[in-house]
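Following the hints, position chain B against chain A.
Chains as they are written, first to last, in this note's numbering: chain A, 1 to 296; chain B, 1 to 296.
What the hints contain is simulated information worked out from the structure, not anything from laboratory work.
The beta carbon of each residue, even a glycine, is placed where N, CA and C say it ideally should be.
One or more of the hints may lead you astray.
[What the hints assert, rightly or not] Below, in silico cross-link-like pairs of lysine-lysine (DSSO-like), each with a Cα-Cα straight-line distance of 30 Å or less:
| id | chain 1 | residue 1 | chain 2 | residue 2 |
| --- | --- | --- | --- | --- |
| 1 | B | K290 | A | K269 |
| 2 | B | K233 | A | K289 |
| 3 | A | K233 | B | K290 |
[To be verified] Just a sample of chain A residues kept apart from chain B, beta carbon distances all over 10 Å, derived:
| id | residue |
| --- | --- |
| 4 | L116 |
| 5 | D138 |
| 6 | I146 |
| 7 | T158 |
| 8 | I187 |
| 9 | E258 |
| 10 | P294 |
[Unchecked claim] Some, not all, of what chain B presents toward chain A, calculated at C-beta under 10 Å:
| id | residue |
| --- | --- |
| 11 | L93 |
| 12 | F234 |
| 13 | N235 |
There are 2 protein chains.
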Amino acid sequence: MFAKLSRPVPSINFRTVTCFRKPRQLNKYYNIIARANCSASSSFLCDKNVIFVAGLGDIGLDTSKELLKRDLKNLVILDRVDKPELVCELKELNPKVKVTFMPYDVTVPLAESKKLLKKIFDKLKCVDILINGAGILDDHKIEATIAVNYTGLVNTTTAIMDFWDIRKGGPGGILCNIGSVTGFNAITQVPVYSGSKAAVVNFTRSLAKLAHITGVTAYTVNPGITRTSLVAKFNSWLDVEPDVAELLLEHPTQSTKECAASFVKAIEKNKNGGLWFLDQGTLENITWKKYWDPCI
Amino acid sequence: MFAKLSRPVPSINFRTVTCFRKPRQLNKYYNIIARANCSASSSFLCDKNVIFVAGLGDIGLDTSKELLKRDLKNLVILDRVDKPELVCELKELNPKVKVTFMPYDVTVPLAESKKLLKKIFDKLKCVDILINGAGILDDHKIEATIAVNYTGLVNTTTAIMDFWDIRKGGPGGILCNIGSVTGFNAITQVPVYSGSKAAVVNFTRSLAKLAHITGVTAYTVNPGITRTSLVAKFNSWLDVEPDVAELLLEHPTQSTKECAASFVKAIEKNKNGGLWFLDQGTLENITWKKYWDPCI
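So that you can see chain A by itself, here it is in the shape it has in the complex:
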């Protein structure tokens, strides 16, 4: 039932191929780099440039820490609010990785997202992985929930396609979107939030199927109930259940550290179309039911 958590086999993505411009020599080159800088157990993420939207959030921060156990090249954290002490802490975790923070609110217009990404691409030249993790859980705030959880994620994804899309001469890339188990089956007391996460799951599944056109692979990581400050207290829709947070936490949950460990394992598996269910410290790839087929 649960995916084996064995050591991932390094895989080659579109970006890597184009960045080095010498696909036939890639394996040789890759192995040299891997030997020089990386431990065997973290070779997939070794030397990668990763952008992490909301990398200082509850799940985000522990996932950033977990990522920094691997020898990335760059970890660019985009978050709404700068938290210099956390960024300093992250920088000290692994001196081999360059950690950068840049402020970013995912609800800005698409053009603003593109501007910010241009700065990053100008500096790093190539970006391997974009993690879209901005999210809020407050069903009193309808517009904000949808704007952050769905529209913001779609806009950030659309913005990076300017740099990644192989039809534009880009190198492709890997998109890791944070969904939620509520996107599969809702927490009914927060229907607005759950709906926004269903949108993320559905959207990302499409993107995975478009990878042969765009060169961009995509998957979701979908945490189960995780003990974050987000979940400790939140508003239900029209206060249908004021104690929703307490009720949820009466059932088995996972820590942010457990979630983060599964999260990075999912990234290392690098499975296009993966629908990762991260619950109680386990990692499982869900098979979505086929209700109909548009046949195109």
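Positioned in the frame of chain A, the structure of chain B alone reads:
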């Protein structure tokens, strides 16, 4: 596999009970009304007050016509653009039904939606059914797609709860949301649209499960590919497939009339939590897969 399209049994909803204020006498009263005004085959919708958001749209217009084969009391059509000739046509279809048009853009703030609904409730006193049908299909327009298809639907729903929620002394009501089969499995070439419809499906399923708290029952009608002007030509996301419309229409589809007939049959079935799949002239109630359970 397919739901039987037999004559629906009249059912009594929360609103009806409260509107008449004499629940024990309801059946008697209901039967008198039914005998006086309604044909036997359309008794569920007989004497009902229905608000139809986007009731002049492609699927909307034919569904309005189908509704008008039943002896509703009022059909209040809310749409972004007034089309007086179509409203006149509808008015002439069934003189027993009072057809009204009021302009409404679902992207207005929640307070505006509430104001408009207050006007309607002040006039009609009670509303039995709200049909949320506003939708656009254009993946070049990310913000608009999400704002209309999901945020607008959530806001209109939230607005009517002021008048329906039994916790506020309201009578309950019936919510009919137009989803789409793309909310089950996407048309991958329009991931933004498909995602927005997945949100509608997930959101509405939650509302159905909250009916014991709010008194408001809910279901979705999810048309398959229907030959509308919407589908005749539309933009794919980042033009991943410029011929998406043509490709879709190469496969079996249904006419708006077929869709409308199934639509009204679904309304007459009045099934809380119904997940109606309307495809090629058929009507089926989908069973959603259970991937996890929040246990609350």
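Checking a non-interface call: every C-beta of chain B should be farther than 10 Å from the C-beta of E258/A. Is that right? 16 Å, holds
If I take the minimum Cβ distance from L116/A to any residue of chain B, is it greater than 10 Å? 17 Å, holds
No chain B beta carbon within 10 Å of I146/A's: 5 Å, violated
Run the distance test for K233/A versus K290/B: straight-line Cα separation, threshold 30 Å. 26 Å, holds
Can we trust that P294/A is non-interface, i.e. its beta-carbon lies farther than 10 Å from all of chain B? Answer for P294/A: violated, closest chain B Cβ roughly 5 Å.
Grab the minimum C-beta distance from F234/B to chain A and call the hint holds if it beats 10 Å, violated otherwise. 13 Å, violated
Beyond 10 Å from every Cβ of chain B: is that where the Cβ of I187/A lies? Violated, because the least Cβ-Cβ distance between I187/A and chain B comes to about 5 Å, which does not exceed 10 Å.
Straight-line Cα separation of K233/B and K289/A no greater than 30 Å? 29 Å, holds
Against chain B, does T158/A keep a CB gap of more than 10 Å to every residue? 7 Å, violated
Interface hint compliance - N235/B to chain A, C-beta minimum distance less than 10 Å: 13 Å, violated
Non-interface claim for D138/A: all C-beta distances to chain B beyond 10 Å? 14 Å, holds
Would the stated hint for L93/B survive a check requiring a Cβ distance to chain A of less than 10 Å? At about 32 Å, which exceeds the 10 Å cut-off, the nearest Cβ of chain A leaves the hint on L93/B violated.
Checked against the numbered hints given earlier, this structure breaks hints 6, 7, 8, 10, 11, 12 and 13; the rest are met.
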